[in-house]
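Asker: From just these sequences and the hints, can you work out the full model?
2 protein chains.
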Amino acid sequence: MKFTCAKNKLQEAISIAQKAVTGKSPMPILQGIHISAKSAQLTLIGSDIDLSIETKIAADIQEEGTIVVDSKLFGEIIRKLPNSSVQISTIDNNSIEIICEKSKFTLIHMDADEFPNLPNINENMIFSIRQKVLKNMIKGTIFAIAQDETRPILTGILFEVNDEKLNLVALDGYRLALRSNSIDNDNTINAVIPGKTLSELAKILSEDEESVNITFTPNHILFNLGQTKIISRLLEGEFIRYNSIIPEEYNLKVTAKRGELLNCIERASLMAKDGNTNLIKFDIKDDNLIITSNSQLGKVREELNIILQGDELQIAFNSKYLIDVLKIIDEEEIILEFSSSVSPCVIKNIDNTKYTYLVLPVRLLNA
Amino acid sequence: MKFTCAKNKLQEAISIAQKAVTGKSPMPILQGIHISAKSAQLTLIGSDIDLSIETKIAADIQEEGTIVVDSKLFGEIIRKLPNSSVQISTIDNNSIEIICEKSKFTLIHMDADEFPNLPNINENMIFSIRQKVLKNMIKGTIFAIAQDETRPILTGILFEVNDEKLNLVALDGYRLALRSNSIDNDNTINAVIPGKTLSELAKILSEDEESVNITFTPNHILFNLGQTKIISRLLEGEFIRYNSIIPEEYNLKVTAKRGELLNCIERASLMAKDGNTNLIKFDIKDDNLIITSNSQLGKVREELNIILQGDELQIAFNSKYLIDVLKIIDEEEIILEFSSSVSPCVIKNIDNTKYTYLVLPVRLLNA
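Line by line, the protein sequences give chains D and R.
1 is the number of the first residue of the first sequence in the numbering used here; add one for each residue after it.
1 is the number of the first residue of the second sequence in the numbering used here; add one for each residue after it.
Be aware that a few hints might be false.
Which copy is meant is left open, because identical chains are indistinguishable; a pair holds if it fits in one copy or across any two.
[As the list claims (entries may be wrong)] Here are the computed lysine-lysine pairs in the BS3-like style, where the Cα-Cα straight-line distance is at most 30 Å:
hint	residue 1	residue 2
1	Lys24	Lys196
2	Lys299	Lys104
3	Lys299	Lys135
4	Lys273	Lys132
5	Lys165	Lys80
6	Lys72	Lys354
7	Lys104	Lys24
8	Lys2	Lys139
9	Lys38	Lys253
10	Lys229	Lys102
11	Lys281	Lys196
12	Lys56	Lys299
13	Lys257	Lys9
14	Lys253	Lys203
15	Lys2	Lys257
16	Lys196	Lys56
Note that these hints are calculated values from the structure, not bench results.
Answerer: What follows is the structure, encoded as structure tokens:
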């Protein structure tokens, strides 16, 4: 194998493929990046079996070939090279030689045959969506996935396609995040994608107008970004029927400024850290929201102007769950819907349709 | 006690005084900030006994008084308040009340009498130096202090005043860093200041033209920045007679570009991480510096144009010590002086007088 390519292009490709390399795999070959040079193109693959990322860049191929090199060391070497043309070739003793200006590295490589094959997916695009839209939907839901593995299905995000809409849903038993976007497809699909896949995908998705094509198979999902393909297994099992959890009715509706509410809750939570309860109390009455909290060290009272439609209410929350939601919303004006002190709070924006967040209250002994 | 002051001024003062609070003290009172309100001024003090920082801000004092409050929690509360006027007053139950717009905190305070007194220092300025100059001198030496406590004196920096010069010297047995600056004083003083004191001081020193006045006592040093005073005990014992370590003669002199040399060494060190030796070899010959390193994973060869005066030489180093020096130097053209493969390398800038760095080589078995 022998090829020449631009240092910065190669560095970028490594950083993409590397996102699938965990570095903690029991199989040493999976700490490597698979590089194949063929017909004017370099293909880099990183994989941890569950997630594989393949990316292509143009290169001047003088001799075709395939190798696997240690992902971390190879990535560091290329990153530190001068911004110039890099020549890489296989030499004796299972090694490659990397030459860039006056730098010359010799690096052991592994046997490419040991690298697992990518799942064989017959690309059959179900729908296409703008990369920045999908990126936003992932960021707007991924914080609500379960952190523990007791119910593995909840460590992923549900991709639900129906009624020409794509819904992303995450929930962990204490809160739920739902983001929706219209798509040009009338299939019905339910698939749960591992959180790890989507957090890496979100880093790769661009902020501009390009699209990503998505293909589902019974066990896998394929995101095709053009030069880059991300293939992930799906999580097995049924996702929770989340629709039945979201209340359709409410007894009181609060309209509030997101930024102000976030600041009040963050301040109140400073006093709620004692014993790790994060417990804050809302007292909603007369276009006023009073937030209080206390601990052995002291107490706090915050007051916020709101618009209240409906009855007054006292309700308590784990402040962390509210802060997570309020930080992820872009809009400045939001709506909170409540039914009782033991029913979930639903958080929406004024225009309503793009997202729905739900946070369960903390039941107080004296409530 | 009762006073009103601007939130951002108070926040700034807390962040200064807080730098002396370690949070790990066995005395709970030392996790607090001492606040006294007197004659239109608020004085905040943080201390860990060895290091004390006192800072003053203007405030509207309605009732004089003194308290101690938990440094971390109080700092977080003030930081999160809206950028407005803050009113703080003592209330019942050993508490203070903090009011800012619609936020109201109640916070337990401690007994100010338990707070240790600052060392009683009769201010008697020995010399004055521009803050940004001292800041630079500290940054340029502190990386070379000893990290382990086997020789406590080496965990500090020597402040040496003589011949109308201030020298800062740090050394750890493997390398030495010396920065000098002329001052308007002909006393002779030797004092060793703890590294922790100087690293916090460097964060407080400003980047502009203001000066800092320095007073020495047999056991303490006082840095007076105007509104802020930093008082630190000195380290006890004799510092190493560093002058005898710095070679005055050399057999070969290399002139090199600092940035290029740093890049070459950083790349070479990628291959030197195996077994944590960081071992890289220099081969100096014919206006060329060849840097090599190897490990089980591969090897590297870097080549750099230099100007060589003197004989050729092969010498090996721990790359970390060279990288530390090359990163801290601003100048682009530097001089390296060598005597033999087992003698220290001296690194200077072209103009020479402001700094001297010294790095010991690694003795090779085949050298």
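Asker: It remains to establish, for every hint, whether it holds in the given structure.
Answerer: Now for the hints, and whether the structure bears them out:
For a Cα distance limit of 30 Å, the shortest separation of Lys24 from Lys196 inside one copy, 14 Å, qualifies, whereas the shortest one across copies, 36 Å, does not. For the identical chains of this complex, Lys299 and Lys104 are inter-copy neighbours only, at 8 Å across copies versus 63 Å inside a copy, given an alpha-carbon limit of 30 Å. In this assembly of identical chains, Lys299 and Lys135 lie within 30 Å of each other by CA distance neither inside one copy nor across copies; the values are 39 Å within and 41 Å between. For the homomeric pair Lys273 and Lys132, neither the shortest alpha-carbon distance inside one copy (36 Å) nor that between copies (39 Å) is at most 30 Å.
Taking the shortest Cα distances, Lys165 and Lys80 never come within 30 Å of each other, neither inside one copy (45 Å) nor across copies (40 Å). Taking the shortest Cα distances, Lys72 and Lys354 never come within 30 Å of each other, neither inside one copy (40 Å) nor across copies (39 Å). For a Cα distance limit of 30 Å, the shortest separation of Lys104 from Lys24 inside one copy, 29 Å, qualifies, whereas the shortest one across copies, 49 Å, does not. Taking the shortest Cα distances, Lys2 and Lys139 never come within 30 Å of each other, neither inside one copy (40 Å) nor across copies (46 Å).
For the identical chains of this complex, Lys38 and Lys253 are neighbours neither inside a copy (61 Å) nor across copies (49 Å), given an alpha-carbon limit of 30 Å. Taking the shortest Cα distances, Lys229 and Lys102 never come within 30 Å of each other, neither inside one copy (34 Å) nor across copies (52 Å). Proximity of Lys281 to Lys196 under the C-alpha cut-off of 30 Å is found in neither arrangement, the shortest distances being 34 Å within a copy and 42 Å between copies. In this homomeric assembly, Lys56 and Lys299 come within 30 Å of each other (Cα to Cα) only across copies, at 28 Å, whereas the closest approach inside a single copy is 57 Å.
In this assembly of identical chains, the alpha carbons of Lys257 and Lys9 lie at most 30 Å apart only when taken from different copies (27 Å versus 44 Å within one copy). In the homo-oligomer, the alpha carbons of Lys253 and Lys203 never lie at most 30 Å apart, since the shortest distance is 36 Å inside one protomer and 48 Å across protomers. Taking identical chains as interchangeable, the C-alpha atoms of Lys2 and Lys257 are never at most 30 Å apart, the minima being 60 Å within one chain and 32 Å between chains. For a Cα distance limit of 30 Å, the shortest separation of Lys196 from Lys56 inside one copy, 22 Å, qualifies, whereas the shortest one across copies, 50 Å, does not.
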